[in-house]
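S.K.: Chain by chain, the residues:
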Amino acid sequence: MPKRLLGLLLVLPALAVIAFLFILPLIMSAVGAFQVEGAFGWGNFTKTFDLYTKDIVFTVVIVSLSTVLIGIASVAIGGYLTLGEHPVAVAILRWLYRWPMFIPFIVVGQILRTFLSKNGMMNNTFINLGLLTPLDAVSFLDWRGIVIAFVWKQTPFVALLVAGAMASINRDTIEAARNLGASRLRLLLEIVVPQVAMTLTVGLILSFVTMMSVLSVPLMINAQSPTMLTADIAFRVNSYGDYGVANALGLISLVLAASVAWIYLRASLKERA
Amino acid sequence: MTAAHIPAARNPLAALWWVPRGIIFGLMAFFIFGPLFNLLLWTVAEKWYFPYSLPLEYGFSSWAKVFAPRGGAMESLTNSLIVALLTVVVSLLLAIPAGYALARLKLPFRGLILLAFLIPQAFPNLTVYVNIARIFYEIRLNGTIPGVVLVHVSHGLVYAVWIATAAFSAIDAELEQAARNIGAGAFRAFLDVTLPLAAPGLMASAIFVFLESLDEFTGSYFVGAPDVNMLPLLLYTTAAGGNYQIASITALLLLVPSLVFMLIVERFLKADVLSRVGH
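Taken in order, these protein sequences are the chains called A and B.
Residue numbering for the first sequence follows this note's numbering, beginning at 1 and increasing consecutively.
Residue numbering for the second sequence follows this note's numbering, beginning at 1001 and increasing consecutively.
Hints are computed from structural coordinates only; laboratory data are not their basis.
Since the structure is predicted, the reported quantities are computational estimates derived from the model, not experimental observations.
In this text, a Cβ means the ideal position worked out from N, Cα and C, and glycines have one as well.
Don't take each hint at face value.
[Claimed, not checked] A short list of chain B residues far from chain A (calculated; beta carbon distances all over 10 Å):
id : residue
1  : 1032
2  : 1034
3  : 1102
4  : 1184
[Said to hold, decoys possible] Partner residues are not named here, just some residues of chain A that face chain B (Cβ under 10 Å, in silico):
id : residue
5  : 13
6  : 39
7  : 47
8  : 103
9  : 109
In isolation and in its complexed conformation, chain B is listed as follows (with noise of 0.2 Å):
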């Protein structure tokens, strides 16, 4: 994006600005890199303690350990799974047609409307998760699955609803016209016309609200724990039991979809979407 105004060639002093930059960015990629291959190495660490500065033995014993009926991984792993997909279909059933109406019918308040989802994800939530905990016991909604997805749900909405309307903004109302003019009902117009517009949108604001409910932690450990056990709530009893090899398998876990996912979001968002969220 900019382009060199001194031309490398014309000042010779150039190359020697490589020695303080080198060093800025190895430092930053220690820094950022460091930590992540650390975790890697603690994945197929067998043995290492102090002084050794890297692992003594190698080994996927530990893996084994996890993926074992009782090492509870795999019981985190599928509940952490159900809970993402579950909150991603309740999101997106609720979303779609608030979405719609966002971007297409002329609605009363709009911009508070669209602000209210955000209030989630604008507040300190640890207290509203302490009350909803509360709330969630009176109705035995506690410790079970479906009131950890509406916990996910409620934080995920912000993604789901934004970029819902996004997506339908971006669509031209005159296709939905056309199916209708040639005798679709409202209906079947929307499903056959601006539903698979939107898609590509859709599908983004999904992996979006996956991932919330995959990373979340403060929501998961007041009304699903000890009763659901979530992959973050494994990660962090395992690390406070100093188990680091487990906690290295499990954080990996959770790393893996996050940076994956991220990589198709830019994909599937593309900047006619994008430009429009928020608006």
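For reference, chain A alone in the conformation it holds in the complex (with noise of 0.2 Å):
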């Protein structure tokens, strides 16, 4: 047998697996979409907008501000761990920083849900420490509680992710702006983001399309409107049994993350060009 056929027949079951549980239902969700009562249209789209338009401006906001905040700690813990001038704070923050990375966003929904409650451990830690009154204390269980489990559970991904290529660079640059004055500050914005910028945005992408995906943190944490399109879809389908409707919010989240790819796919090619 030629090798070619032997190895195309030796991949194509785990191929057809990705096709047939993967890309077909991906294909039967935008066609879905534009059915209505078995002809194609666009009642789908207006129905989704009289009743989401919020929920999908919503989506962008927090998905958005989460992705903003997510780059700003990641660079900052990176910046740290590649710059730091004390090896024990350094090493502090190496083993610090990734804890979060390896529990289940299921996990991370239920825990900051109980931290971050009125009565959580969160708030009854600063009254007791005189920090806030029991009248000043207000429950996070609403976007901001999306947003700060969003950040908890991604900045260590892209962190590493970061911290690896900044270690990666080289350090003579660095030395150099060093050795003329530059402060760590502009060290870091400067010469060090720059030359790090692809793969913190790879990461920042990822985590993008993670999160617009995500359906037990908004389920969890804040199920009242409005919500994450995520727990739109679920209670489409479950609640009234509209796929219709469904996988027009769906098509609408996958353009939304299609879009943050074509940024990105934008960018790179400028920076080959």
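Since each chain sits alone in its own frame, please combine them into the complex, following the hints.
M.R.: Structure (structure tokens):
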């Protein structure tokens, strides 16, 4: 048997699983979004925008804000790991920052739900330390809770990628700028970050797409209105059996994710040109 | 990795730097470990209500409830473990031949094939699960363990195939050639030489697939519930019902394997394999 044919035969079963269990349903979803009672039309989309425009905006704002915060936090962590001057402090940070990375989203939802609630551990600790009075304590279980959960869970992942990229850049330019008297913040923002911009972007895009499709966190932390598109999709299917609007919502979140990937592609093409 | 450029001893102000550092690290530690500590407290809290900041009574009665035959947790735990193990077996059965072919044989469109396995991780997958649930409903796979396993496999394959490919590429092809030269058939050489050498890498990919399956919520929610109860679903329903003790114990059951296995993976996944992932 020719080697190419054998190779294809060996890969085929695995590829078939992806084709039937992911690509086919994805196409079904795109087609289903335009189907209204057997005929093609825009009905699902008009209904979606009537009912869920607020949630679409809410989702975009929440996920974008989380992405920005994850970016800032991971640059800060990676920057300190690379430029930090005290080995003990660097070691402490390296040990500390990774923990949330391995924790499943559903567990993140549960533990932050109890931590951030009005009488949760965060407020209780601040009250016991005298930083807060019981009357001033507020629950964070709204959009802020979702943002905190996303940043909490995704920052270690992006920081790990960014720190890895920062560790492998040529240190000569850093030393040169340091000898010329540049502050560490300037070193980080003007020399280190531009060199790892691509890795940072990839990490942030992966996080953006992941956050767009997480269902457990919005269900656990903030199930009231406005909520995220994922919770709406689950609601449309489970409560109404309304696959048309669910598919339309799904297609909208796909388009949002794809537009981010498109920005990345354009940037990477420009970089190569 | 960064040596101190200004030795602390020569700079008397360096000690003062520990004040802001200590505050920032302290806050970080509070926000990272606070929620985890809170979870641990809930698992042993017998009585805990507003406005008390610590439980009033401690005990293990919730643990007894969780592990009692009617608690539902044993059923969920068993289901989760069965699904995760089957997912690992099916994923590896698919990924070992695919990974070998991708690493060793000249394949057309090799890059595209590798990318195809990434698709389920790279797209928002909620709508996909909704439609899989519809297909499965028609072919009576919805609400069955094989159905849930298949959904998890499609998601775990990227780890299985990418890491298996890297594991096979990291092995010297000449070892296999040597076995062939002394008379072993192609399959025999693969089984006796290549496969054992790739075992640590394959083990790591199995762990990734296992964890992915154990922690997967959305697919299990649409395809499995309410017939196949899994740990993440139990966690969701008990938390929604306000039973924080049971929810916290379930969360702990999900959390421990994640942390333990990740420590193991660091030992299995060696740099020579890691550097080839995705190439």
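S.K.: Take the hints in turn and mark each one as holding or not.
M.R.: Each hint tested on the structure:
1. 1032: 5 Å, violated
2. 1034: Residue 1034(B) is in fact no farther than 10 Å from some Cβ atom of chain A, at 6 Å.
3. 1102: 7 Å, violated
4. 1184: Consistent with the label, residue 1184(B) stays out of reach of chain A, its closest Cβ about 17 Å off (over 10 Å).
5. 13: With a closest approach of 5 Å, the residue 13(A) hint holds.
6. 39: 19 Å, violated
7. 47: Since the shortest Cβ distance to chain B is 16 Å, the answer is violated.
8. 103: 6 Å, holds
9. 109: 8 Å, holds
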